[in-house]
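K.L.:
Residues 1229 to 1389 (the working numbering) are what the sequence shown spells out, left to right.
Hints may be right or wrong, so weigh each one.
Label pairs and their calculated CB-CB ranges [said to hold, decoys possible]:
# : residue 1 : residue 2 : range
1 : Q1369     : D1317     : 21 to 29 Å
2 : Q1269     : Q1369     : 30 to 38 Å
3 : D1319     : D1292     : 15 to 23 Å
4 : S1266     : S1330     : 30 to 38 Å
5 : G1364     : G1342     : 18 to 26 Å
In silico SDA-like pairs for lysine to any residue, Cα to Cα no more than 25 Å straight-line [claimed, not checked]:
# : residue 1 : residue 2
6 : K1270     : L1365
7 : K1379     : W1343
8 : K1270     : G1355
In short, the hints are calculated from the structure, not lab data.
Here a beta-carbon is modelled for each residue, glycine too, at the ideal position from N, C-alpha and C.
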Amino acid sequence: MKYLRIPPLNPVCISPLQSCAIALMLFLLLPLAAIAESAQQKWAGNWLVVSEGDDQLVWQLNADGSGYAYGFNSGGRLTHGFAINWQLDGDRVRVRTGASVSCKGGVVSVAFRGWSRSTLLFAVIDGRHWLQAGGGLLSFQRRLSGWNTPKAGSNCPNIAS
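Given these sequences and hints, build the entire structure.
P.N.:
Right under this line is the structure:
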């Protein structure tokens, strides 16, 4: 009678000590990732922002780190804007600008020339204020629930209306 050949067991199983170490790492690291994501999620949205040197701004921050920053004159008309890439890291925010947005003849114009090489650095002071390295203060006044992203070729938005 032939012997049945039983393949040898490969050591795929991990020891109890290794499984405890893996569980401990997951237990400690997953909450940190969730905290970082929820902090960025907290800032996500459309904000009316007041800044030194600009009459009014609208910052559109998406939780994935994309967004736009728009500047308006005292009459509430769009004057300029930028696509932004933002990242919250603890109490610091890094912002890079990309496409420029402008209002020419009452129509939104967009030009993308690549992402800027420089990064704007901000310190989060509290739940409403960011201080830019160099001294400029951004004050997030309130969320704008009815804000729509201006599209190229559309009429220039008016923040006053």
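K.L.:
Each hint should be assessed against the structure and marked as holding or not.
P.N.:
A quick look at each hint next to the structure:
1. Between Q1369 and D1317 the beta carbons are some 24 Å apart, a value that agrees with the proposed interval 21 to 29 Å.
2. Taking 30 to 38 Å as the suggested C-beta distance range, the pair Q1269 and Q1369 does not conform, at roughly 20 Å.
3. Between D1319 and D1292, the C-beta spacing of about 21 Å keeps the proposed range 15 to 23 Å intact.
4. Restraint check, S1266 to S1330: a C-beta distance of roughly 35 Å satisfies the suggested window 30 to 38 Å.
5. About 24 Å separates the C-beta atoms of G1364 and G1342, a value consistent with the hinted range of 18 to 26 Å.
6. At roughly 19 Å between alpha-carbon atoms, K1270 and L1365 fall within 25 Å of each other, so this suggested pair holds.
7. This hinted pair checks out: K1379 and W1343 have alpha carbons roughly 19 Å apart, not beyond 25 Å.
8. Restraint check for K1270 and G1355: satisfied, since their Cα atoms lie roughly 9 Å apart, inside the 25 Å limit.
The structure fails hint 2 only (numbered hints given earlier).
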